[in-house]
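Construct the entire structure; sequences and hints are all you get.
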Amino acid sequence: MSAHVTEPFIRVESLRKAYHRGDEAFLAISNASFEVAAGELVALVGPSGCGKTTLLKILAGLQDWDSGEVRIGSAAHPFDPSRDIGMVFQQALLLKWRRVLQNVLLPAEILGLPNRASRERAGELLAMVGLGGFEDKYPYELSGGMQQRAAIARALIHDPKLILMDEPFGALDALTREKMNLELLNIWKKSGKTIVFVTHGIAEAVFLGTRLIVLTAGPARMADNIEVVLSEPRTLEVKTSERFGEYTRRIYHLLGMD
Amino acid sequence: MSILSPDKRSQPRLLLPEALRRNSLAVLSHVALMAAWYLFVTYGNVPSFVMPSPVDTFATLGGANYDWIRNTLVTASEIYGGYALAVLVGVISATAFSWSRPVEETVMPLLVSLNMIPKVALGPLFIVWFSYGIFPNTIIAFSISFFPVLLNTARGFREVEPELLELVRSLRSSKWQIFAKIQLPSALPYIFSGMKVGAILAVAGAIVGEFLGSSRGLGYLMLQVQVTLDTAAMFMAVILITLIGVSLYGLVTGLERLVVVRDARVQ
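Taken in order, these protein sequences are the chains called P and Y.
Heads up, the first sequence is in the numbering used here, so the first residue is 839 and it goes up one at a time.
Heads up, the second sequence is in the numbering used here, so the first residue is 629 and it goes up one at a time.
To be clear, the hints were calculated from the coordinates, so they are not data collected in a lab.
Check each hint, because a few of them may be wrong.
[Unchecked claim] A few chain Y residues facing chain P, derived, Cβ under 7 Å:
#, residue
1, Glu791
2, Glu794
3, Arg800
4, Ser801
The beta carbon of each residue, even a glycine, is placed where N, CA and C say it ideally should be.
What follows is the structure in structure tokens.
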């Protein structure tokens, strides 16, 4: 697909980041380099402490780094760091005192987007994530999976170009998690966003990602950058295919778990 | 009906809606206490200077020249005034702490140390500094209810989910937006839990002040009638003081219901 030379949407070059505690330094990321094309769903996969959350925070502009280069945006897809990032975390982090619709509207309020258009869009997004009719509920009236759907709608409300997800389904039960994976693929296709998805679930990473960035801990380094080609559209059946098994085996091997 | 529904709670126990049933039980227990008090005093041969009956107690409202209304208003204004000041100063200082780390790190440990002082022990000092009357008593009520408001509010500001802050910071939100949209509303349940503790303490503070030195108020009145062994009037004063406290507490919980979503309330 990207045979001809197109400018990548995200370019990370020789990135290095260490945390300092007293005179001890913990290397979180060493020499990570990869590129992401616009519209890709990249899974950052690795064990705890491999620096994947740090990498996500750097992409979000919430964290500085020691050396290397991080560039987001291209001529075809200009990127405004103040309004082109949507974030989803492991916890839904909905504001308890706001109804679902008001929660989804939070980024629009912060960015000062026109109220009426945002409300309309929030309604559409809630319908898309399967929460039509739940606009006036409070978060505590929703299940964990539903709260996470609302959090995804919130991440999309300001129409950002880049969605950063940090183990968004890690707190859900296994079945809900599978369901949410399918939903996410759906949402991704409909919205055409570039998504960076952090997970320690290897099967989840292979199932979702068009590209896998494999990170290892101790020593922290980037172990591989794999393009994932599976039969599309991806359904749960894909998980039983031979190729799927090859990809997961490859990651297990990289993480030294075979 | 009970055959159809195995749920025990839906079995007809008392044919009243749940809230009404609970409220009437609460009223019942209060009435029962009054009745027990009455019966104990009437049939137990208890001398009335030890324990007057409820009837004697309430009769003092009409009889003796105790100026109930004025004394109640004095005590109520000390309690309400000191408490309002405590909430105002407590919330504002906690807000200042949340805005400036150095201020918090400097002032907070000092306040924690000052909190260790038993505030009522300062009563005699306040009277030296501010003389007799409503003002020093208001200050005692303030000083004793200020700390729980401050400490709880400060804790509320601290307990905001760090990832939630990251989420709004990724949108380059202003400090004011973070405060108004995230920090203050998420601290509200803590503010109210501090306010509830403070409300009870404010009452104690004002009364101690009146005991120490005052020429008006229900606490002062209690000391006056103690001399003449008018125990019924002392009982009445205690009841009125309690009612002032209950009114304040009720006001706070009512306000809490109005502004804090049920799920977010601190139990």
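Kindly indicate which numbered hints from before are broken by the structure, ordering the numbers from low to high.
none
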